[in-house]
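Q: For reference, the chains in residue letters:
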Amino acid sequence: MNPWARAEPRPPRATVGFLTDSTLCIGCKACEVACKQWNRLPADGTGWLGISYDNTGHLGGDTWRHVKFLEQFDRAHGEDRWLFVSDVCKHCEDAGCMNVCPTGAIVRTEFGTVLVQDDICNGCGYCVGACPFGVIARSDVDHGAHKCTLCYDRLQIDEQPACVRACPTGSIAFGPLDELAERGRARVAELHRRGSDGARLWGDSDRLANGLHALFVLSDDPRRHGLPESARTGRHNLLPGYAGHLAVGLAWAALSALSLRRGARR
Amino acid sequence: MTTTRERAPAERAGYAGLPVLNPPPWHHLIIWYFFLGGISGCAYVIAALARWFGGARGRPVARAGHLVSAAAIAPAPALLILDLGRPGRFHHMLRVFKPLSPMNLGSWAFAAFSAASALGGVRTLAHSATVPLPALLRRAGRLVPELLTLPGALVALFFSGYTGTLLAATAVPLWARTPLLGPLFMASSAATGGAAVRAALAVAGEDGGALELPERAALLGEVAIAGAWLRGLGPVARRPLLRGRERALFWGGYVGAGLALPLALSLLPGTVRHRRGLRLAGAAATLAGGLCLRAAVVRGGEASALDPEAALGE
Numbered sequence: 001m002n003p004w005a006r007a008e009p010r011p012p013r014a015t016v017g018f019l020t021d022s023t024l025c026i027g028c029k030a031c032e033v034a035c036k037q038w039n040r041l042p043a044d045g046t047g048w049l050g051i052s053y054d055n056t057g058h059l060g061g062d063t064w065r066h067v068k069f070l071e072q073f074d075r076a077h078g079e080d081r082w083l084f085v086s087d088v089c090k091h092c093e094d095a096g097c098m099n100v101c102p103t104g105a106i107v108r109t110e111f112g113t114v115l116v117q118d119d120i121c122n123g124c125g126y127c128v129g130a131c132p133f134g135v136i137a138r139s140d141v142d143h144g145a146h147k148c149t150l151c152y153d154r155l156q157i158d159e160q161p162a163c164v165r166a167c168p169t170g171s172i173a174f175g176p177l178d179e180l181a182e183r184g185r186a187r188v189a190e191l192h193r194r195g196s197d198g199a200r201l202w203g204d205s206d207r208l209a210n211g212l213h214a215l216f217v218l219s220d221d222p223r224r225h226g227l228p229e230s231a232r233t234g235r236h237n238l239l240p241g242y243a244g245h246l247a248v249g250l251a252w253a254a255l256s257a258l259s260l261r262r263g264a265r266r
Numbered sequence: 001m002t003t004t005r006e007r008a009p010a011e012r013a014g015y016a017g018l019p020v021l022n023p024p025p026w027h028h029l030i031i032w033y034f035f036l037g038g039i040s041g042c043a044y045v046i047a048a049l050a051r052w053f054g055g056a057r058g059r060p061v062a063r064a065g066h067l068v069s070a071a072a073i074a075p076a077p078a079l080l081i082l083d084l085g086r087p088g089r090f091h092h093m094l095r096v097f098k099p100l101s102p103m104n105l106g107s108w109a110f111a112a113f114s115a116a117s118a119l120g121g122v123r124t125l126a127h128s129a130t131v132p133l134p135a136l137l138r139r140a141g142r143l144v145p146e147l148l149t150l151p152g153a154l155v156a157l158f159f160s161g162y163t164g165t166l167l168a169a170t171a172v173p174l175w176a177r178t179p180l181l182g183p184l185f186m187a188s189s190a191a192t193g194g195a196a197v198r199a200a201l202a203v204a205g206e207d208g209g210a211l212e213l214p215e216r217a218a219l220l221g222e223v224a225i226a227g228a229w230l231r232g233l234g235p236v237a238r239r240p241l242l243r244g245r246e247r248a249l250f251w252g253g254y255v256g257a258g259l260a261l262p263l264a265l266s267l268l269p270g271t272v273r274h275r276r277g278l279r280l281a282g283a284a285a286t287l288a289g290g291l292c293l294r295a296a297v298v299r300g301g302e303a304s305a306l307d308p309e310a311a312l313g314e
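Protein chains in written order, with the working numbering: chain D, 1 to 266; chain Y, 1 to 314.
If you're looking for bench data, these hints aren't it; they were derived computationally from the structure.
Just so it is clear, the structure is predicted and the values come from calculations on it, not from any experiment.
One or more hints might be untrue.
As the list claims (entries may be wrong) - Estimated spans, in silico, between C-beta atoms of each pair:
1. 87/Y <-> 3/D: 22 to 28 Å
2. 276/Y <-> 254/D: 25 to 31 Å
3. 118/D <-> 29/Y: 20 to 26 Å
Stated by the list, open to error - For lysine to any residue, the following SDA-like pairs were computed, each having C-alpha atoms within a straight-line distance of at most 25 Å:
4. 98/Y <-> 120/D
5. 98/Y <-> 5/D
6. 98/Y <-> 104/D
7. 98/Y <-> 7/D
8. 98/Y <-> 210/D
9. 98/Y <-> 77/Y
10. 36/D <-> 86/Y
11. 98/Y <-> 8/D
12. 29/D <-> 225/D
13. 98/Y <-> 235/D
14. 98/Y <-> 2/D
15. 98/Y <-> 81/Y
16. 98/Y <-> 4/D
17. 36/D <-> 18/Y
18. 29/D <-> 13/Y
19. 98/Y <-> 110/D
20. 98/Y <-> 3/D
21. 36/D <-> 85/Y
22. 36/D <-> 46/D
23. 98/Y <-> 112/D
24. 36/D <-> 170/D
For every residue, glycine included, the Cβ atom is placed at its ideal position computed from N, Cα and C.
Between the sequences and the hints, there should be enough to build the whole structure, so can you do that?
A: Here is the structure:
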């Protein structure tokens, strides 16, 4: 057996993703439950957060889909409304978690998705702070980092992700990424025609980690959903950070050498 | 009982005021690793420079530098491994070479540097006639080649500051909004490494005067870099340090004890400054400041990640 042998990468397949249309979501959380069942994740419990009827709160190591409830009943203007959006890993084009992963546990798959290989992850937690959307987290159960796999196992047999299958309203769509973006733009145009001026597609901008593989149709400012308008990973800090640190270090070393040589002569 | 008036959920930043980012789930052991690693790296560089440029008067400096470096790096493996979720897999850090990940690059640098630092320490002990050492270890220590010091010192310079860039490569606003944490940690490591070697020399009754100037320069460098860093962060991202949870550590521990006090002591006339008590006091202040800086930055980063306004404000 050759310990240095590398497996052949799998041949690339069509790049796929999610389109989550919040205007169709009824907040049933079937996607959350289906995700937990298929991926055998422990339940979150049913305690209340004290801020919302949402009792999940946030994505985490054991929660890979999360339906957010935006209860907008205290707005000074506009009609009262209750918005729902099922949040999920964005499978970023420039994936912060994958960039920083020191073990190579996080990889890009043949479907263009970002996957944590659990048998490699050593639970260092670096990816957790590197995600610009607060998605990936370390599980308290097995102490490894976890997030949505976009049902990598189901994709192998041409089956759709569990959350998509479970969604009763068609709010979560799955398919080739370019088709989803087109569909999202058409949906936003339709919503505008119907008078929902606030509707927008979020996720296909280069300013969001070079583009996302999970797109969202939203009816309000993305920041109200806890989603930034722009997000970049920390990789742009590497070169200036190292260059600055080495410049400071070399200047100090040169000064130290001069000072020590002067001490030797005295 | 009075309750604070809470803003309605729709008025809070982000999703009902809940955090947008996740802070890294590190224990605070990482603070000690950052602190000791910086001291160890720069003490090694000082030892190398004292050997090459210091002549006969540099010899005690080189000895102290090697011993301080080896002693400071000794607890580092435990500090790093205990911080992992799955400590048994620590060696997975070295299953790939991936410069894009500062933690991977740092793991390689740590592996190389800790070996160089330990060998430097053993070599120093082996060449010191007064230290009792098993004969076999003494003979082995004398086999460590002098030439090792050059690559060792180069890796040490990288190792002394990469931890700042490791933090700057995340999405945490306090760490990543500017690339200046790397230079700041490097300058702080230079000051603390120098202070540790100076303290060791003071205890041994040797002369550490040549290390005063570079330490003062490093402290002044820190003042400049920290100022630029805080300005670049903007009012929201720097909040945890200046006004928030970590303000005591930052203002009192870092700025007061770690920068102002040693710089003030360095203004005293040489005859006063060179009393052993004051030499030790100045070095201790610089060291405490380096620890407080790292503690304030790591803990402040947690607060920064949990602040939805900082995360969404860009």
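Q: With reference to the structure, classify each hint as holding or not holding.
A: How the hints compare with the structure:
Checked against the hint of 22 to 28 Å, the pair residue 87/Y and residue 3/D passes, with Cβ atoms roughly 23 Å apart. The hint said 25 to 31 Å for the Cβ distance between residue 276/Y and residue 254/D, and at roughly 29 Å that hint holds. In this structure the supplied range 20 to 26 Å holds for residue 118/D paired with residue 29/Y, their Cβ-Cβ distance being about 24 Å. With a C-alpha separation of about 15 Å, the suggested pairing of residue 98/Y with residue 120/D holds against the 25 Å cut-off.
Between residue 98/Y and residue 5/D, the direct Cα distance comes to roughly 18 Å. Compliance with the 25 Å bound is thereby established for this hinted pair. Our distance criterion of 25 Å between C-alpha atoms is met by residue 98/Y and residue 104/D, whose separation comes to about 8 Å. Among the hinted pairs, residue 98/Y with residue 7/D is consistent with the structure: their alpha-carbon atoms are about 18 Å apart, no more than 25 Å. Between residue 98/Y and residue 210/D the alpha-carbon distance is near 21 Å, which keeps this suggested pair within the 25 Å criterion.
Between residue 98/Y and residue 77/Y the CA atoms are separated by roughly 20 Å; this keeps the pair inside 25 Å, and the hint holds. Of the supplied pair hints, the one linking residue 36/D and residue 86/Y holds, its CA atoms being roughly 23 Å apart against a limit of 25 Å. Only pairs whose Cα atoms come within 25 Å are accepted, and residue 98/Y paired with residue 8/D is accepted, the gap being roughly 19 Å. Distance check on the hinted pair: residue 29/D and residue 225/D sit about 16 Å apart at the alpha-carbon level, within 25 Å; holds.
Taken as a hint, the residue 98/Y and residue 235/D pair is honoured in the structure, with Cα atoms around 13 Å apart against an allowance of 25 Å. With a C-alpha separation of about 22 Å, the suggested pairing of residue 98/Y with residue 2/D holds against the 25 Å cut-off. Distance restraint check for residue 98/Y and residue 81/Y: the Cα-Cα separation of roughly 19 Å lies within the 25 Å cut-off, and the hinted pair is therefore satisfied. Distance restraint check for residue 98/Y and residue 4/D: the Cα-Cα separation of roughly 17 Å lies within the 25 Å cut-off, and the hinted pair is therefore satisfied.
The suggested pairing of residue 36/D with residue 18/Y holds, with an alpha-carbon distance near 23 Å, which does not exceed 25 Å. Annotation: proposed proximity of residue 29/D to residue 13/Y holds, straight-line Cα distance about 24 Å (limit 25 Å). A distance of roughly 20 Å separates the Cα atoms of residue 98/Y and residue 110/D; the hinted pair therefore holds under the 25 Å criterion. Between the alpha carbons of residue 98/Y and residue 3/D the distance comes to roughly 19 Å, so the proposed pair stays at or under 25 Å and holds.
Between the alpha carbons of residue 36/D and residue 85/Y the distance comes to roughly 22 Å, so the proposed pair stays at or under 25 Å and holds. With a C-alpha separation of about 14 Å, the suggested pairing of residue 36/D with residue 46/D holds against the 25 Å cut-off. A threshold of 25 Å between alpha carbons decides the hint, and for residue 98/Y with residue 112/D the separation of about 20 Å falls inside it, so the pair holds. In summary, the hint linking residue 36/D to residue 170/D is supported, as the alpha carbons are separated by about 19 Å, within the 25 Å threshold.
Taken one by one, the earlier hints all hold for this structure without exception.
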